[in-house]
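J.: Add chain B to chain A, keeping to what the hints say.
There are 2 protein chains.
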Amino acid sequence: MGRCAAETMRENDFIEWLREAAGGELDAGLVPVGPGDDCAVVLVGGERLCVSVDQLIDGVHVEAARDGAEAFGRKAMARALSDVAAMAAAPLAAVASLALPRGFSRDDAEAIHRGRRAVSDAFGCPVVGGDVAATDGPLACSVTVLGRPDGIEPVLRAGARVGDAICATGAFGGAWLTARHLQFAPRIAEARAIASRAALHAMIDASDGLAMDLSRVCRASGVGAEVDAAAVPVAPDAAAGRAIDPLAAALGDGEDYELLFTVAPEACEALLADPPCAVAITRIGRIVAGAGLTLVGAGGRREPLAPTGWEHGT
Amino acid sequence: MGRCAAETMRENDFIEWLREAAGGELDAGLVPVGPGDDCAVVLVGGERLCVSVDQLIDGVHVEAARDGAEAFGRKAMARALSDVAAMAAAPLAAVASLALPRGFSRDDAEAIHRGRRAVSDAFGCPVVGGDVAATDGPLACSVTVLGRPDGIEPVLRAGARVGDAICATGAFGGAWLTARHLQFAPRIAEARAIASRAALHAMIDASDGLAMDLSRVCRASGVGAEVDAAAVPVAPDAAAGRAIDPLAAALGDGEDYELLFTVAPEACEALLADPPCAVAITRIGRIVAGAGLTLVGAGGRREPLAPTGWEHGT
Numbered sequence: 001m002g003r004c005a006a007e008t009m010r011e012n013d014f015i016e017w018l019r020e021a022a023g024g025e026l027d028a029g030l031v032p033v034g035p036g037d038d039c040a041v042v043l044v045g046g047e048r049l050c051v052s053v054d055q056l057i058d059g060v061h062v063e064a065a066r067d068g069a070e071a072f073g074r075k076a077m078a079r080a081l082s083d084v085a086a087m088a089a090a091p092l093a094a095v096a097s098l099a100l101p102r103g104f105s106r107d108d109a110e111a112i113h114r115g116r117r118a119v120s121d122a123f124g125c126p127v128v129g130g131d132v133a134a135t136d137g138p139l140a141c142s143v144t145v146l147g148r149p150d151g152i153e154p155v156l157r158a159g160a161r162v163g164d165a166i167c168a169t170g171a172f173g174g175a176w177l178t179a180r181h182l183q184f185a186p187r188i189a190e191a192r193a194i195a196s197r198a199a200l201h202a203m204i205d206a207s208d209g210l211a212m213d214l215s216r217v218c219r220a221s222g223v224g225a226e227v228d229a230a231a232v233p234v235a236p237d238a239a240a241g242r243a244i245d246p247l248a249a250a251l252g253d254g255e256d257y258e259l260l261f262t263v264a265p266e267a268c269e270a271l272l273a274d275p276p277c278a279v280a281i282t283r284i285g286r287i288v289a290g291a292g293l294t295l296v297g298a299g300g301r302r303e304p305l306a307p308t309g310w311e312h313g314t
Numbered sequence: 001m002g003r004c005a006a007e008t009m010r011e012n013d014f015i016e017w018l019r020e021a022a023g024g025e026l027d028a029g030l031v032p033v034g035p036g037d038d039c040a041v042v043l044v045g046g047e048r049l050c051v052s053v054d055q056l057i058d059g060v061h062v063e064a065a066r067d068g069a070e071a072f073g074r075k076a077m078a079r080a081l082s083d084v085a086a087m088a089a090a091p092l093a094a095v096a097s098l099a100l101p102r103g104f105s106r107d108d109a110e111a112i113h114r115g116r117r118a119v120s121d122a123f124g125c126p127v128v129g130g131d132v133a134a135t136d137g138p139l140a141c142s143v144t145v146l147g148r149p150d151g152i153e154p155v156l157r158a159g160a161r162v163g164d165a166i167c168a169t170g171a172f173g174g175a176w177l178t179a180r181h182l183q184f185a186p187r188i189a190e191a192r193a194i195a196s197r198a199a200l201h202a203m204i205d206a207s208d209g210l211a212m213d214l215s216r217v218c219r220a221s222g223v224g225a226e227v228d229a230a231a232v233p234v235a236p237d238a239a240a241g242r243a244i245d246p247l248a249a250a251l252g253d254g255e256d257y258e259l260l261f262t263v264a265p266e267a268c269e270a271l272l273a274d275p276p277c278a279v280a281i282t283r284i285g286r287i288v289a290g291a292g293l294t295l296v297g298a299g300g301r302r303e304p305l306a307p308t309g310w311e312h313g314t
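Here the protein sequences line up with chains A and B, keeping their order. The opening residue of the first sequence carries number 1 in the working numbering; numbering runs sequentially from there. The opening residue of the second sequence carries number 1 in the working numbering; numbering runs sequentially from there.
One chain only, chain A, in its complex shape (with noise of 0.2 Å):
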């Protein structure tokens, strides 16, 4: 999330070792995907099960007592959901733990409840299994979501090529400081439209901001990418009252819960002329032989873009 980037550094390093420290504990014919994408994928009954978990936290994801128990409950499912939509994979089941802060009123916790169920129900994800517990700590709720490719190929973070057009769904910025951030919809069905129309070779769900989720892709694929300043879908309220530009809310703020996909130019050409989904796609850039961001400005002048939000230079 953009408002606390130096702990998600934090984390991401942590993450990183993490991920190397797996190495050696997977059997890669029943894991074809370990940690480090959306999903891990694991083999079922001869079927890829797309496996993710995600934690909503009161204070760090959501202001619990200013935006509502139910639009947490809704928040932590919608979250959770927006991985299996990364992987382009349906929804099949999920199981969610919550920590209750001691006191919580049963009230506030059926409100969660309520909202969790509006978003399980929109998206064919039951919860199946949970666990409650009583916390001294903040409002707490780890969300799995299982999924199943039914039909198309789950899509990793690790496929993009150079040469590659960079899209996105939807637009970015200020989803924080309004109420896009608990509102939006996991983009499971555009997820599913758009890959069953195209090849996508990499996509990611971008909830850290547009630029650190496509560094995610980058780093995972090998690659570099050029993102066209005045390409970026940005969001109407992108800048949200703030004195800021409202691109650089657009690439930095995260929070968005929109896909960022690659795909070969002519695929990408014809998902433009012909949409497959009702929510807008826009080019946004070109994958490039490297490493990192560059940010394409008027008149062709480049600046590094960097992967925790861009400071408009001079």
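Treat the hints loosely; a few may be bogus.
As the list claims (entries may be wrong) - Label pairs and their in silico Cβ distance ranges:
hint, chain 1, residue 1, chain 2, residue 2, range
1, B, G103, A, T178, 28 to 34 Å
2, B, P101, A, R114, 46 to 52 Å
3, A, A189, B, A118, 19 to 25 Å
4, A, E25, B, L30, 28 to 34 Å
To be clear, the hints were calculated from the coordinates, so they are not data collected in a lab. Glycine included, C-beta positions come from ideal geometry on N, C-alpha and C.
T.: Relative to chain A, chain B alone:
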């Protein structure tokens, strides 16, 4: 857990409500077992998949400052595996979310991983994905384990029949006050050895206390139970320095992570005559018609056994 019975009872109420609220959400064809058992069972690729989530919170289920980060990681994984043991399933893979207090040291984060990994390796359950976030609250970890029946019918809580023998593995009491709640081995191999030799009718892992967990089997099965006081396997250090009847500790303490199962009396005799595992199996009572638990003492004296632990009568 024994040490916070009031919280546990309140959680039980909410969990019961959640279970009822899930009614109508689940397609029994896709989800043969929903919320309320040790694992849910979901159909994937024609195979049944057992899924369970369990969370470990510092200050509730462990005291990380005293017990160490490695013990925290160890217990987080072992607790989750214990739920898979309770179905007699074989672990397949896990995902974990980890909430790290701000300022948590990298060394301690790596120690959590080492403890988790030692258990994952010992029980063949690799962690294939995860989520790490910073929290203002206590250290917390939520582990979701996937398991496969692998030739053994999943054993539910709901199958206990009047006349069944009630059996337990290992010994009970004082686990929280000793190191046993940190060092226990989830009874995966034992559950599978027992279930492959005898048709178990019901099973649960005793994490919240022998009496409470047995009462859950009874409630799920619509039966009652009689427990023979003299037969309960009491751990040598069950009192753990407290002025408490060791039997009361064995019945009420919790954190034992032993198996409780019910089986036809003849099958029980066969198990006891030729034990399928090195861990002791003890017959502790019988399933009866009705509801609730009865403790049968010296001379056949009978008294109600409260599911929150037993206070010795006059």
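J.: Find the hints from earlier in the document that the structure breaks and name them by number, from lowest to highest.
T.: 2, 3
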